[in-house]
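Enquirer: For reference, the chains in residue letters:
Protein chains: 2
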Amino acid sequence: MNNFSATYTDQYQLSMAQVYFKNGHREHTAIFDYYFRKLPFKGGYAIFSGLEDLLEIVSKLRFSESDLEFLKQQGFEDEFLEYLADFKFQGTIYSVQEGDVVFPTRPILQVEGNIIEAQIIETILLNLLNFQTLIATKASRIRLVAGDATLLDFGLRRAQATGGYFASRAAVIGGFDGTSNVMAGKDFDIPVSGTMAHSFIQSYDDELTAFRDFAEGRPDGCVLLVDTYNTLRSGVPNAIKVAKEMEKKGQKLLAIRLDSGDLSYFAKESRKMLDEAGLDYVKIAASNQLDEYVIKSLLEQQAPIDVFGVGTNLVTGDPEGALDGVYKLAWSNGKPRIKISESIVKITLPHKKQVFRIKDENGKCIGADAIGLFEQERIAEMFHPFEPYKSMNLENFQQEPLLQKVMANGKVLIKKRSLEEISAYSMSRLAELPIEYKRFNNPHIYKIGISAKLREEREKLIQASKNKL
Amino acid sequence: MNNFSATYTDQYQLSMAQVYFKNGHREHTAIFDYYFRKLPFKGGYAIFSGLEDLLEIVSKLRFSESDLEFLKQQGFEDEFLEYLADFKFQGTIYSVQEGDVVFPTRPILQVEGNIIEAQIIETILLNLLNFQTLIATKASRIRLVAGDATLLDFGLRRAQATGGYFASRAAVIGGFDGTSNVMAGKDFDIPVSGTMAHSFIQSYDDELTAFRDFAEGRPDGCVLLVDTYNTLRSGVPNAIKVAKEMEKKGQKLLAIRLDSGDLSYFAKESRKMLDEAGLDYVKIAASNQLDEYVIKSLLEQQAPIDVFGVGTNLVTGDPEGALDGVYKLAWSNGKPRIKISESIVKITLPHKKQVFRIKDENGKCIGADAIGLFEQERIAEMFHPFEPYKSMNLENFQQEPLLQKVMANGKVLIKKRSLEEISAYSMSRLAELPIEYKRFNNPHIYKIGISAKLREEREKLIQASKNKL
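Which chain is which? The protein sequence lines are A and B, in order. Reading the first sequence from the start, the letters are residues 419 to 887 in this note's numbering. Reading the second sequence from the start, the letters are residues 419 to 887 in this note's numbering.
Since the hints were made in silico from the structure, they are not lab data. Watch out, some of these pointers could steer you wrong.
[What the hints assert, rightly or not] To be clear about the criterion: a stretch of chain A counts as covered by chain B if any three or more of its residues have a C-beta under 8 Å from a C-beta of chain B, and this derived list gives those stretches:
1. 431 to 437
2. 443 to 456
3. 481 to 493
4. 547 to 559
5. 625 to 635
6. 709 to 722
7. 821 to 829
[Claimed, not checked] Restricting the straight-line Cα-Cα distance to at most 30 Å, the calculated cross-link-like pairs of lysine-lysine (DSSO-like) are:
8. B:K659 <-> A:K886
9. B:K686 <-> A:K659
10. A:K659 <-> B:K884
11. B:K886 <-> A:K701
12. A:K604 <-> B:K478
13. B:K659 <-> A:K764
14. A:K878 <-> B:K670
15. B:K490 <-> A:K604
16. A:K884 <-> B:K701
17. A:K886 <-> B:K886
18. A:K764 <-> A:K460
19. B:K701 <-> A:K478
20. A:K667 <-> B:K490
21. A:K456 <-> A:K753
22. B:K782 <-> A:K834
23. B:K884 <-> A:K662
24. A:K440 <-> B:K478
25. B:K456 <-> A:K714
26. B:K662 <-> A:K884
27. B:K782 <-> B:K456
28. B:K886 <-> A:K667
29. B:K886 <-> A:K686
30. A:K604 <-> A:K478
[To be verified] Beyond 12 Å from chain B on every Cβ pair, some chain A residues (computed):
31. K440
32. E500
33. T510
34. D607
35. D638
36. K770
37. G781
38. F792
39. E838
40. R847
Every residue, glycine too, gets a C-beta built ideally from N, C-alpha and C.
Taking the hints into account, I'd like the entire structure generated from these sequences.
Expert: The structure is reproduced here in structure tokens:
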């Protein structure tokens, strides 16, 4: 699903592009920042996800013959369409690493290119990064409470159509172990797993025969769903019978799955029954409208659940819907640019920039990122972006630059990493973050500051804009 | 985006399929019902959407060579993989018409096929129908309050990745007029529209030049965004200047767009200024986190807004995330099937079925659908599905059968309709529904009943299941 037409964009990008094309702005260099304003889930951090997909897709974006015909019908002009026929993105992208912890206001990614190409990719960039970052963050919250339980994405059937494909990928980056989604498993190299549906058992006249047939026909990684008729009186006893029969053939039942009722109670009772039958190796999997809060509660009740299958709430990022990521112009036509707004938090940051993670002398994250001009190598003092009297001296701190060149002249510069690597990196970055930023209720607020130079540049532009009115 | 691999499914469908394949069940006919349990948005109805996409996709589902290789690595057996190599869906599908109003509990669609094919398409069926139905319903609610204002989908950038593509389609079925999404516009024949972004204006040194260039470069359907610097002191006056300049060239400015601040106030003030300048034909478009409640409020305040651009809340179905549609076995292996549950509303309905819309002698919808066995031509009395003492005599009512054969032997039987036709049909069905079902707060509950015969059949199966335990 990584072949996209360049028409995966909003029409206004092309309208603006035609105007730039005609008025001689087409070669103007533009710089856009990608960032979001509000952390999802009332949480204290987000996990950046979607970068590798974005780079791969952007490097291949083209307009086909039929796309150009369609655009002609939309009133676009011939000369411009000829230009689009040769379109490919040839700009440069700076980005934090995929999997890193990220925070509001500060650029996560910067696009530098001619203003037409930078504008055309805006929509797909926002579309992919906003969604995957939302889902990786949700997955990370679930991983935080789940300890070392196995976490599986079961969400495709309730996903927002094909969004589910990318959700499966982002879930792994956030800490999930596998997915039921075969296509995503194949394309993204994610472990795929699956059990059985109630319909399988219903299609038989009795549960025991259904279990036996399943164990016979798919013995590896066999998981039996035990709640179709009655979990403790029928499902678990039948599963135990089959597990014993499997033992005689040298096979092992992997797990039973609970999908309804009080999961804590049923897990405890089932565990007892399995253990008493000498089946302490048989795991217990649970599913049914799980999220980070339900899993936390189940584990606090010491429910002996080894595997959680999470569906809707994971793949739709419930209750959020969307991350509010935006793409804002910081430079064009040889000048820094700013968007003024009556709401101060919506005023943008001009210029090409670098972002530094601030660490103490031992390299320990102190909970702050500072934004400077791109050419700044260190930031001496950082200022609150909207409250002028708050500042912090950074001279004695380590400063890790976060934005790296990941694409140049339209070519991907970074080596493709496996999802396992990205996820491990994500875990390591999350581990550096003090625990106060990870709690669910009123997490500590991560500090974002801007350098004196950036602040000064922004002030100048705000004043100039005021003077014009 | 309508070419899907058959691996767009949950792994357990294939695990079950392998077992059916091996144990001789592969030719058993199965019937599955698609329905949902809970109306989204606390509303009184839903708009069924996604059918044509589903049929087209299902008729083309295949496993590729590389899919089969991947499945081999997943431990599937050679003989079964050979079977999958020739897989294509050859079953029959009965469905209500796309765009119809639909309600909980009653089947919206039935799949009849061999149990393997019926199981393999479950995931994609739920994935596409759940999402499009959610979005068409959201769009319909927005249309209900928007009167004859133009409604545009601006959501792609915040959509759940490629889900946005299908959201644009469903939005039109629910009553939207157009989309900003070029690819969806092209593939689904949706009017595409777009304006300009703040970045366009920022990339110029002044707003007026930006407006002039835009009007020059893209005069047809020109919409000027007026809130970049100051709506009433800069944006609207500059737009008026440009509109006057356009008049001299025989052109007409289509609209201005407001994207921030108090939309009601700014719309009224802008309207006054435009009218005073003799530009009463210039429309006012508004965007910025709109949904059915905000639009209702704006129109109640008599804000003179002609065009609403709706983004995130439309394409993600906020605050819902997902429609809870399910796919339940009703028949297999020559017998009716039922899923028992401790929660009575989760007990399924066995047998192949037909659903009737109940109308009075004048053909007026009375707010009830009745479910009978497939061979029943009329239903004499309908019973509440879960409350045995509630019933209603239907002898004097008209009964419109809703499930029609839309696919047979894997071939689509219905003629493709334009989205305009589907949307018009949807409007006509919604118009038949009494207004009490359309209000947002505590809407009247649409009645769902089952026939005496279906009830009897269900009772028999519940008893048989009890006796087994």
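Enquirer: Run every hint past the structure and note whether it holds.
Expert: Do the hints match the structure? See the list:
Here's how the segment 431 to 437 of chain A fares: 6 of its residues keep a CB closer than 8 Å to some CB of chain B, so the rule of at least three is met and the hint holds. Counting residues of the segment 443 to 456 of chain A whose C-beta sits closer than 8 Å to any C-beta of chain B gives 4, which meets the bar of three, so the coverage hint holds. Under a criterion of three residues with beta carbons nearer than 8 Å to beta carbons of chain B, the stated coverage of the segment 481 to 493 of chain A is upheld, 6 such residues being counted. Look at the segment 547 to 559 of chain A against chain B: 3 of its residues bring a Cβ nearer than 8 Å to a Cβ of that chain, three or more, so the hint holds.
With a cut-off of 8 Å between beta carbons, the segment 625 to 635 of chain A has 4 residues touching chain B; three or more are needed, and the interface restraint holds. Check result for the segment 709 to 722 of chain A against chain B: violated, 0 residues qualifying (beta carbon to beta carbon below 8 Å, three or more required). Under the rule that three or more residues need a Cβ within less than 8 Å of chain B, the assignment of the segment 821 to 829 of chain A is violated, with 0 such residues. In summary, the hint linking K659 (chain B) to K886 (chain A) is supported, as the alpha carbons are separated by about 17 Å, within the 30 Å threshold.
A distance of roughly 75 Å separates the Cα atoms of K686 (chain B) and K659 (chain A); the hinted pair therefore is violated under the 30 Å criterion. For the given pair, K659 (chain A) sits about 21 Å from K884 (chain B) by alpha-carbon distance, which is consistent with the 30 Å threshold. Restraint check for K886 (chain B) and K701 (chain A): satisfied, since their Cα atoms lie roughly 27 Å apart, inside the 30 Å limit. Straight-line distance between C-alpha atoms of K604 (chain A) and K478 (chain B) comes to about 20 Å, which keeps the hinted pair within the 30 Å bound.
A hinted pair counts as satisfied when its Cα atoms are at most 30 Å apart, and K659 (chain B) with K764 (chain A) qualifies at roughly 28 Å. Proposed proximity of K878 (chain A) and K670 (chain B) is contradicted: the alpha carbons are some 37 Å apart, above 30 Å. Restraint check: the Cα-Cα separation between K490 (chain B) and K604 (chain A) comes to about 12 Å, which is no more than 30 Å; the hinted pair holds. Of the supplied pair hints, the one linking K884 (chain A) and K701 (chain B) holds, its CA atoms being roughly 28 Å apart against a limit of 30 Å.
Taking the CA atoms of K886 (chain A) and K886 (chain B), the gap is near 83 Å; set against the 30 Å cutoff, the hint is violated. Taking the CA atoms of K764 (chain A) and K460 (chain A), the gap is about 19 Å. The hint holds against a cut of 30 Å. Distance hint between K701 (chain B) and K478 (chain A) is unfulfilled; the C-alpha atoms sit about 39 Å from each other, more than 30 Å. Taken as a hint, the K667 (chain A) and K490 (chain B) pair is honoured in the structure, with Cα atoms around 23 Å apart against an allowance of 30 Å.
Note on K456 (chain A) and K753 (chain A): the hinted pairing holds, with a Cα-Cα distance of about 28 Å set against a maximum of 30 Å. Distance check on the hinted pair: K782 (chain B) and K834 (chain A) sit about 62 Å apart at the alpha-carbon level, beyond 30 Å; violated. A threshold of 30 Å between alpha carbons decides the hint, and for K884 (chain B) with K662 (chain A) the separation of about 26 Å falls inside it, so the pair holds. Distance hint between K440 (chain A) and K478 (chain B) is unfulfilled; the C-alpha atoms sit about 43 Å from each other, more than 30 Å.
Between K456 (chain B) and K714 (chain A) the alpha-carbon distance is near 26 Å, which keeps this suggested pair within the 30 Å criterion. Among the hinted pairs, K662 (chain B) with K884 (chain A) is consistent with the structure: their alpha-carbon atoms are about 26 Å apart, no more than 30 Å. Between K782 (chain B) and K456 (chain B), the direct Cα distance comes to roughly 25 Å. Compliance with the 30 Å bound is thereby established for this hinted pair. This hinted pair checks out: K886 (chain B) and K667 (chain A) have alpha carbons roughly 29 Å apart, not beyond 30 Å.
Simply put, K886 (chain B) and K686 (chain A) have alpha-carbon atoms about 25 Å apart, close enough for the 30 Å limit, and the pair holds. Restraint check: the Cα-Cα separation between K604 (chain A) and K478 (chain A) comes to about 21 Å, which is no more than 30 Å; the hinted pair holds. Separation of K440 (chain A) from chain B is inadequate, the least Cβ-Cβ distance of about 5 Å not exceeding the 12 Å criterion. With a closest Cβ-Cβ approach of about 16 Å to chain B, E500 (chain A) is found to remain outside the 12 Å limit, as its non-interface label requires.
No beta-carbon of chain B comes within 12 Å of the beta-carbon of T510 (chain A); the shortest separation is about 18 Å. A Cβ of chain B approaches the Cβ of D607 (chain A) within 12 Å, the least distance being about 10 Å, so the stated non-interface status is violated. A cut-off of 12 Å between C-beta atoms contradicts the statement that D638 (chain A) is not in contact with chain B; the least separation is 5 Å. Against the 12 Å criterion, K770 (chain A) stays outside the reach of chain B, whose nearest CB is about 15 Å from its own CB.
For G781 (chain A), the non-interface assignment is confirmed: its Cβ lies about 36 Å from the closest Cβ of chain B, beyond the 12 Å cut-off. No beta-carbon of chain B comes within 12 Å of the beta-carbon of F792 (chain A); the shortest separation is about 19 Å. Remark: the non-interface label on E838 (chain A) is consistent with the geometry, its nearest Cβ contact in chain B lying 17 Å away (cut-off 12 Å). Its beta-carbon lying about 23 Å from the closest one in chain B, R847 (chain A) satisfies the requirement of being farther than 12 Å from that chain.
Hints 6, 7, 9, 14, 17, 19, 22, 24, 31, 34 and 35 from the earlier list are contradicted by this structure; the remaining hints agree with it.
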